[in-house]
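Number of protein chains: 2
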Amino acid sequence: MRLIAYMVAASMAWVAGIAYMGIAPARADGGTVPEFGTSLPPGYRDWRLISVAHEEGKLNDIRAILGNDIAVKAYRDGTIPFPDGAIIARLAWNYVSSEENNKAFGGPQSFVAGTPTNVQFMLKDSRKYASTGGWGFVQFNDGKPIEAARLSGCFACHVPVKARDFVFTKYSR
Amino acid sequence: MRLIAYMVAASMAWVAGIAYMGIAPARADGGTVPEFGTSLPPGYRDWRLISVAHEEGKLNDIRAILGNDIAVKAYRDGTIPFPDGAIIARLAWNYVSSEENNKAFGGPQSFVAGTPTNVQFMLKDSRKYASTGGWGFVQFNDGKPIEAARLSGCFACHVPVKARDFVFTKYSR
Numbered sequence: 001m002r003l004i005a006y007m008v009a010a011s012m013a014w015v016a017g018i019a020y021m022g023i024a025p026a027r028a029d030g031g032t033v034p035e036f037g038t039s040l041p042p043g044y045r046d047w048r049l050i051s052v053a054h055e056e057g058k059l060n061d062i063r064a065i066l067g068n069d070i071a072v073k074a075y076r077d078g079t080i081p082f083p084d085g086a087i088i089a090r091l092a093w094n095y096v097s098s099e100e101n102n103k104a105f106g107g108p109q110s111f112v113a114g115t116p117t118n119v120q121f122m123l124k125d126s127r128k129y130a131s132t133g134g135w136g137f138v139q140f141n142d143g144k145p146i147e148a149a150r151l152s153g154c155f156a157c158h159v160p161v162k163a164r165d166f167v168f169t170k171y172s173r
Numbered sequence: 001m002r003l004i005a006y007m008v009a010a011s012m013a014w015v016a017g018i019a020y021m022g023i024a025p026a027r028a029d030g031g032t033v034p035e036f037g038t039s040l041p042p043g044y045r046d047w048r049l050i051s052v053a054h055e056e057g058k059l060n061d062i063r064a065i066l067g068n069d070i071a072v073k074a075y076r077d078g079t080i081p082f083p084d085g086a087i088i089a090r091l092a093w094n095y096v097s098s099e100e101n102n103k104a105f106g107g108p109q110s111f112v113a114g115t116p117t118n119v120q121f122m123l124k125d126s127r128k129y130a131s132t133g134g135w136g137f138v139q140f141n142d143g144k145p146i147e148a149a150r151l152s153g154c155f156a157c158h159v160p161v162k163a164r165d166f167v168f169t170k171y172s173r
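Residue numbers (the working numbering), protein chains in the order written: chain A, 1 to 173; chain B, 1 to 173.
Treat the hints as calculated values from the structure; they're not laboratory data. Among the hints, a few may not be true.
One side only, chain B facing chain A, incomplete, derived with CB under 8 Å [claimed, not checked]: (1) Leu40; (2) Pro42; (3) Gly43; (4) Tyr44; (5) Arg48; (6) Gly57; (7) Ala64; (8) Leu66; (9) Arg90; (10) Val96; (11) Ser110; (12) Val112; (13) Asp125; (14) Gly136; (15) Ala163.
In the DSSO-like style, the derived pairs of lysine-lysine whose C-alpha atoms are separated by at most 27 Å in a straight line are [stated by the list, open to error]: (16) B:Lys162 to A:Lys170; (17) B:Lys162 to A:Lys103; (18) B:Lys103 to A:Lys162.
The structure presented is a predicted model; accordingly, all values stated were derived computationally and were not measured. Just so it is clear, CB atoms sit at the ideal spot from N, CA and C, and this is done for glycine as well.
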């Protein structure tokens, strides 16, 4: 329980950091949390599952979409637009054939997650990111954020799903 | 926090129910929890992500593998065999092309989770399930457990990965 309590506290402090315009707030343990986009959100790998997908083509990945508590609650309640503080994470791994699984199934049919490619996040802050639908977009390669210039296309790509608050992924029951 | 504390308590009580040979134990809230296999484990949809996969062929699904706290800790620590109480869940959905995503990407490359197919669980109880590597296997279709006779092939299929305690899925970082 202590670990979970810490994770929740750290995650909430991290979100609070954004609400306070990026000024690092006090954490329960006396430390500070970084501004959104400068480092991976604490505990994101433990967030709950929203859905999964596979992209062919140049991406050739298999992916999981996770959400922090605010995002998952909004999904389940059908809340549109997402409230401030919601964060959606897209984890992706190289799409690889599994010989081991294929033998078990008796045919070449099984594809699994290989090495990670990158991790993307979209964070709702309706004031700070007002010009991009209220969403801030970041991507981490090997745990490091990529340059802001390379994120300029994110929002444009999400505009076709404006009716769902610019979010492509639907929640999988 | 109250919800999370309840979920953890309910999940632990559920696991404890198995350790006590299926006798429904007292829950923190005074209720009882069902024996493994009779109903879906409480809160399993909120468990943490282990990995993802896609199966072609007759299955034609896209899947997420989740674990309860005991299972995820064992995965991360590299603990083999998994300790009693570990539960691994395999959720699967029909594999469907996403026209919406394809338009955004500019090509027919995107596949997402459609309607759910079924949910499978493997639960570690080294005493109760000694004859099948310490794992009990169950499957739920539309929330209802399928007949035990249809689960007889589960263990045999998992034998090739005996070195990993009969678990196919590897943890995705």
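Now for the hints, and whether the structure bears them out:
Hint status for Leu40 of chain B: violated, given a least beta-carbon distance of 12 Å to chain A, over 8 Å. Below 8 Å, beta-carbon pairs count as interface contacts, and Pro42 of chain B has none with chain A, the closest being about 15 Å; its hint is therefore violated. At a threshold of 8 Å, the smallest CB-CB gap from Gly43 of chain B to chain A is about 10 Å, leaving the interface hint violated. Proximity of Tyr44 of chain B to chain A is violated relative to the hint, the smallest CB-CB distance being about 11 Å (cut-off 8 Å).
The interface hint given for Arg48 of chain B is met, as the beta carbon of that residue sits about 5 Å from the closest beta carbon of chain A, less than 8 Å. Annotation: interface hint on Gly57 of chain B holds; nearest CB of chain A at approximately 4 Å, less than 8 Å. With a cut of 8 Å, the hint placing Ala64 of chain B at the interface with chain A holds, because the nearest CB-to-CB distance is about 5 Å. Satisfaction of the interface hint for Leu66 of chain B is found here, the shortest Cβ-Cβ separation to chain A being roughly 7 Å, below the 8 Å cut-off.
Interface restraint check for Arg90 of chain B: the shortest CB-CB distance to chain A comes to about 12 Å, outside 8 Å, so the restraint is violated. A distance limit of 8 Å between C-beta atoms decides the matter here; for Val96 of chain B the minimum to chain A is near 10 Å, and the interface restraint is violated. Because the smallest distance between the Cβ of Ser110 of chain B and any Cβ of chain A comes to about 6 Å, under 8 Å, the interface hint for this residue holds. The interface hint given for Val112 of chain B is met, as the beta carbon of that residue sits about 5 Å from the closest beta carbon of chain A, less than 8 Å.
At its closest, the beta carbon of Asp125 of chain B sits 23 Å from a beta carbon of chain A; the interface hint therefore is violated under the 8 Å criterion. With a cut of 8 Å, the hint placing Gly136 of chain B at the interface with chain A is violated, because the nearest CB-to-CB distance is about 19 Å. Interface hint status for Ala163 of chain B: violated, as the beta-carbon distance to the closest one in chain A is roughly 11 Å, over 8 Å. A distance of roughly 36 Å separates the Cα atoms of Lys162 of chain B and Lys170 of chain A; the hinted pair therefore is violated under the 27 Å criterion.
Proposed proximity of Lys162 of chain B and Lys103 of chain A is supported: the alpha carbons are some 14 Å apart, at most 27 Å. Only pairs whose Cα atoms come within 27 Å are accepted, and Lys103 of chain B paired with Lys162 of chain A is accepted, the gap being roughly 14 Å.
Of the numbered hints stated above, those contradicted by the structure are hints 1, 2, 3, 4, 9, 10, 13, 14, 15, 16, listed in ascending order.
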